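Protein chains in written order, with my numbering: chain D, 1 to 332; chain A, 1001 to 1448.
Keep in mind that the hints were calculated from the coordinates and are not lab data. As the structure is a prediction and not an experimental result, all values here were calculated from the model. Among the hints, a few may not be true.
What the hints assert, rightly or not - In silico DMTMM-like pairs for lysine to aspartate or glutamate, Cα to Cα no more than 25 Å straight-line:
(1) Lys87/D - Glu1226/A
(2) Lys1088/A - Asp71/D
(3) Lys87/D - Asp1435/A
(4) Lys87/D - Asp1433/A
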Amino acid sequence: MSRTLAQPASSTVGRPVPAGRRTSAAHRRRTLTVFALLSPALLGLAIFFVYPLIASVYYSFTRYDLVSPPDWIGLRNYEYLFTQDPKVWIATLNTLWFVVFLVPIKIFFALGIAGLLVRAKRASGVWRTVFYLPALVPPVASVVAFVFLFNPATGPVNQILGVFGIQGPLWFNDPAWSKPSLVLLGIWVMGDIMIIFLAALLDVPREQYEAASLDGANGLQQLRYVTFPSITPVLMFAVITGVIAALQYFTEAAVASGVANGKAVVGEGTGANLGYPGNSLLTYTQWLYVRGFNTYQLGYASALAVLLFVVASIFLIALLRRFKAFTPEGTA
Amino acid sequence: MKLHSIPGRIAVIAALSGAAALTLAGCSTASTGSEFEASAPSTLSGTVSFWHFFSDREAEVIQSVVDDFEAANPGVTVEVHEGQDDEKLRKAIATGDKVDLGLSYSTDVVGNFCSTGAFRDLGAVIKRDSVDLSQFSDTVRSYTEFNGVRCSMPVLADVYGLYYNKDLLAAGGFTAPPKTLSELQDMAMKLTTFNADGSIKTLGFNPMMGWYENSAAHLGPLGAAEWLNADGTSAISGSPGWTELMEWQKGFIDELGYDKVNAFTAGLGQEFSADNAFQVGSVAMNLDGEYRTAFIADQAPQLNYGTAPMPVIDSDASLYGGGYVTGNIAGISKGSQHPELAWALLKYLTTDTDAIVKLSNGLKNAPTTTDALASPALEVSPQFKTFLDIMQNPNSATTPPSPLGAGYQQTFEDFWHSYQSGAVSDLPAGLADVDKQINDQLNLVSGP
Chain D
1 MSRTLAQPAS
11 STVGRPVPAG
21 RRTSAAHRRR
31 TLTVFALLSP
41 ALLGLAIFFV
51 YPLIASVYYS
61 FTRYDLVSPP
71 DWIGLRNYEY
81 LFTQDPKVWI
91 ATLNTLWFVV
101 FLVPIKIFFA
111 LGIAGLLVRA
121 KRASGVWRTV
131 FYLPALVPPV
141 ASVVAFVFLF
151 NPATGPVNQI
161 LGVFGIQGPL
171 WFNDPAWSKP
181 SLVLLGIWVM
191 GDIMIIFLAA
201 LLDVPREQYE
211 AASLDGANGL
221 QQLRYVTFPS
231 ITPVLMFAVI
241 TGVIAALQYF
251 TEAAVASGVA
261 NGKAVVGEGT
271 GANLGYPGNS
281 LLTYTQWLYV
291 RGFNTYQLGY
301 ASALAVLLFV
311 VASIFLIALL
321 RRFKAFTPEG
331 TA
Chain A
1001 MKLHSIPGRI
1011 AVIAALSGAA
1021 ALTLAGCSTA
1031 STGSEFEASA
1041 PSTLSGTVSF
1051 WHFFSDREAE
1061 VIQSVVDDFE
1071 AANPGVTVEV
1081 HEGQDDEKLR
1091 KAIATGDKVD
1101 LGLSYSTDVV
1111 GNFCSTGAFR
1121 DLGAVIKRDS
1131 VDLSQFSDTV
1141 RSYTEFNGVR
1151 CSMPVLADVY
1161 GLYYNKDLLA
1171 AGGFTAPPKT
1181 LSELQDMAMK
1191 LTTFNADGSI
1201 KTLGFNPMMG
1211 WYENSAAHLG
1221 PLGAAEWLNA
1231 DGTSAISGSP
1241 GWTELMEWQK
1251 GFIDELGYDK
1261 VNAFTAGLGQ
1271 EFSADNAFQV
1281 GSVAMNLDGE
1291 YRTAFIADQA
1301 PQLNYGTAPM
1311 PVIDSDASLY
1321 GGGYVTGNIA
1331 GISKGSQHPE
1341 LAWALLKYLT
1351 TDTDAIVKLS
1361 NGLKNAPTTT
1371 DALASPALEV
1381 SPQFKTFLDI
1391 MQNPNSATTP
1401 PSPLGAGYQQ
1411 TFEDFWHSYQ
1421 SGAVSDLPAG
1431 LADVDKQIND
1441 QLNLVSGP
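Bound-form chain A, shown alone (with noise of 0.2 Å):
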């Protein structure tokens, strides 16, 4: 047969298109692994695939852990992977079986993660051994599931706070970290110094959003800010909190100037490193995780410091001792072959007091179960401690699970960055576009 016109040729194409098209919609979805089974087993044998996201000393922490596990279940090998970001879990995954239990870095991944099954529902397992799901806060259960399905559970907390140098603000003649927005930012401004041409020597509270852990995830329990709504679209435009918060951060680069701040933000060092602002005290007060402990007990030991809970907005002072929350989360995979293995796994990673305490004790975040936390075994620094209150705080709050992953949250940075550059001149309106570009997401995302 001979197919010399254009006419044929466009015919070969297009069946050949086709044949591929068919192919690929067969081909492109995740293999399903095997079932849990009706009852616990009496013996776990085999081997399963572990994949996580840390390295280096941290890896070394989860490497001792494992090995107890190992010890504890001698029948069962445990094939670690570490160094695996969101990125390559996710591609890993939907290849098929090469990963048992996923070990991801971010909350964020966990509306997706369950909508789309890539981390299966263990709402069965949980069940079938009498998992005691009250053992961690309201806010950590909310950050592992999403519409009712339980497709992860909590390996330790990231939780934030306020650093203070207790030095700088000595000399400052204060005597207590504020506990209000407007406090912070009298203080802050009462601490900055400037160099003889005007410029920022070294600033009180640097307010520019995005610089190191500036962000309106850690920002939004401060005013009680809500993101979603709970269809799962947004809210930031009907919730009063973000006007107040961003109203009061404009008004703080305001009065420092948003060019000054710029100019002093753009010569600090890298978050982590040794050159950390805060760590050489070039900013007297920061936002940050419980794990710059850890860094300035490594980098910095000198510094003489103290933690509290970030201040709140003014017209809610009883919003005081909460802070954002979140954390790394794990899950089994849809394709792993060694499911009950690895549930054994995930079980003892997140519910064992032991493993929990030591993982903490090493990786220095937040444990997040009840018994962990009141383990005398726990090493809690009063620094860290703080932490640890906040994570217990009513007030304390996460971003919510959503099928846009992080999508929402950068969508309203966009915005926020561009108000307090002062490219915004209605803030309502915009936040209104926010919510729209939002909702328009979700729609191509999971609309009809």
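In isolation and in its complexed conformation, chain D is listed as follows (with noise of 0.2 Å):
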């Protein structure tokens, strides 16, 4: 009977098909099937991704201004990157003291609240939606807002510190306290990260905490042999999404250094303020944005892309195999 099903209805009647040709049969009507399945997704990621890709990547290699045809220069744009351009080098370490200081900040103030909501025996509901509420402020407005409440004249933060005798700084129009003060600003909309995190902390075995609890664990040790390998990929992704969009930093930077400028107006000449005070929030982003749209320097600017996707790709890949958290268990 199976034979008989497994049989195409067709010249082939009556003689014997190989095995592997039927297996074969299947095995292609199954990956046609995937591929039918995965073709929006392909196509999506064909569009969105792989030509944008490979168009940055040519680009790179020309004088392109949007306008004219591109005009292959080779290396040109490259050799001005990393020896010629005077801001791109500020712009890279701004984005990296992002990377490496809003980003552990962030996650570590996120699970430490995600750690005390846990904990929470009354109202943890209330709790839980006032700490995430912030997350769901339009970054635009959150910034504004944030730059009003520390204004050093006429915010209320400095007025408070004054009360207490505390001088408080310039905070967003001091290039030393600009970068600080949009930590602090991360800090309070790190509701996103907290609720996972949260997620992830409620789903740690209890039983593992008893047993390690009976055999002399502290606090301190259950969190490190119990806790961090039980949460371990839900603080990859953390990381993950963190650098990535620490690398990406451009809203939140340039909306601060307009508002704080006394300029806070969109379209006209926004290119301007990024930076303010003193490029201390020119980021890595902006500066592209800069080249490619201020001054039409699209090949350049792709450049700039290129090597962002780089270092990005390389960071990501060295966190990748640090933590081997997204590979199945015992093929790590």
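Hints given; two lone chains; assemble the complex.
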């Protein structure tokens, strides 16, 4: 019966079909089905990732202004990037600052708050809502609000500090304080990561804590040997998405610069405000934007984009290898 | 054919990449639109797309003039796209024939739009239709063309001068605005008040570079400072006007105290809001454009203020009367399929006296033609009149078009910001480095 069903309804009827060919046909059908189901995603990937990637790489070797035909100039853009561009390294260091400080601090606070919320006995839902709510505020609105709150002359933060005899800093108007000010904002809006940590922490089997406790493990040891191993994939997710977001950091810094500089305008000459104060908030992607759309150097901006892609890839590969968290157990 | 080996896969990837690159090379330029006709068409009909950046009230002013154009040309429909900034305009031009006529807020795009052909050369139709360019001032003509290619026409101008609070100056014992930068500094120091803790309460004049309209571009004409050489390279370090302007500004900042001015500036309201520092009396004198008269009329009608040309460097008082002039510009897109309609609309917006006066009265920007400037229909308050005079002064200047757009100005201003903060010890060496940075950029954009 099964043999009859396996036979194709063609001229092969009555003749035995080799087992290898049957397997091959079924395999091909399965493969085609898989590709058919995957095709929308693959098409999207090709159009919105592969094509722009290849285009960026190609343009990075050209002089291109979006209107004239690209003019092949070999490695000239990269030569300028590494040897002549005076601001690319300022922008790079600022971006790395956010990677090194903003990401871990945000994760630390998100994990800490999630840890406290797990232990909350009463009104836990209210507290979860309170800490998650800032993440729902649109980034531009939250930055504008923060700049006004931290306004050195009229903002309530410095006025409260003044009550205690503390001379508050200039916050977003001081190159030394502008980035830490944005870190404070980052902590305030950490609800999205916090809620993921909370779910992960609630998922850690209670028996493991009980067993560790019976073995005499203290709180820190339970954290080290029970909590962290259980939430490592989530931690990894937070680190990777955090690093990617920090490498692409743009909106918050751009809005803070414009508002703090007293020039909160949209469109007209926005690029001139980027980096205020003193280029301390000029990020890599902002510089890429300026070169691409303010000075019309799309070829050079593509070189900046390619370098960012390479650096981000290296960063992420290193992180993945370090944690080996996304590989199935036993194959890592 | 099986290509499971690594070299095989690399070959496939290389081939695909090469094919994609060739495709990109062929597809990445804006299509070329229709040509102008040899003689002016006797009748006009069709639809022309007009992209501009104005919004809200200002867009209504533009629309009213467009309506007039349509009424005068019954066969023509203008499809208006408002709120489109330069970035969107450029992208739209690059994608083909979406834009017929584009209006930009910045003369900084002219060098690039002319040199790349994003805006097409208007020379032939200007000659064909005998458009008299002498109706525009030299300054206005200079910022609407690049390297002999006229690819844009001026749509009103922005002119910068000094605003002063008459009540505050009178309280300080002053009856007239300053004419030189040292006078400005002296008056400003006397008009500055301090809190009990020593912090600044109000300023006579805020010299902080980057604040509101304090920019190198707007200060340059006060010292006859030069931006670019004839070949497009940077002339900054070789222009003594910049050195004098910078040393004056730094000295002023130092006299007040950089940290104090920074702290005071941080507490001031947004420039384009009712909390504008000049409008609320936090600063007694301020550098600003003619459009501020409209903001004051709307947001602070009780303010007793006057306007004057900005004070100039002490070493050349003859420069007094001039100032920085810039403006909106409009051009016909490379891919325009209706260039004759676009040209008719452009000509109407930029040379028709009634249209220009209507725009000027509505937008409170300076008109750019001699006839419009002399028109009795032009609404001119005493404060606004100052800017019309500055515009026609031979000492007025603009920022020259460059393929870098505003890139050369930003490079210089970055340095100026460092200088005013005290981070620069050797000004001549710093200015020479600014030249090098600008020239490096220029070489990247238009070099061999």
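Inset, instruction - Would you list, in rising numerical order, the hints stated earlier that this structure does not obey? - result: Nothing - there is no hint that the structure violates, so all of them hold.
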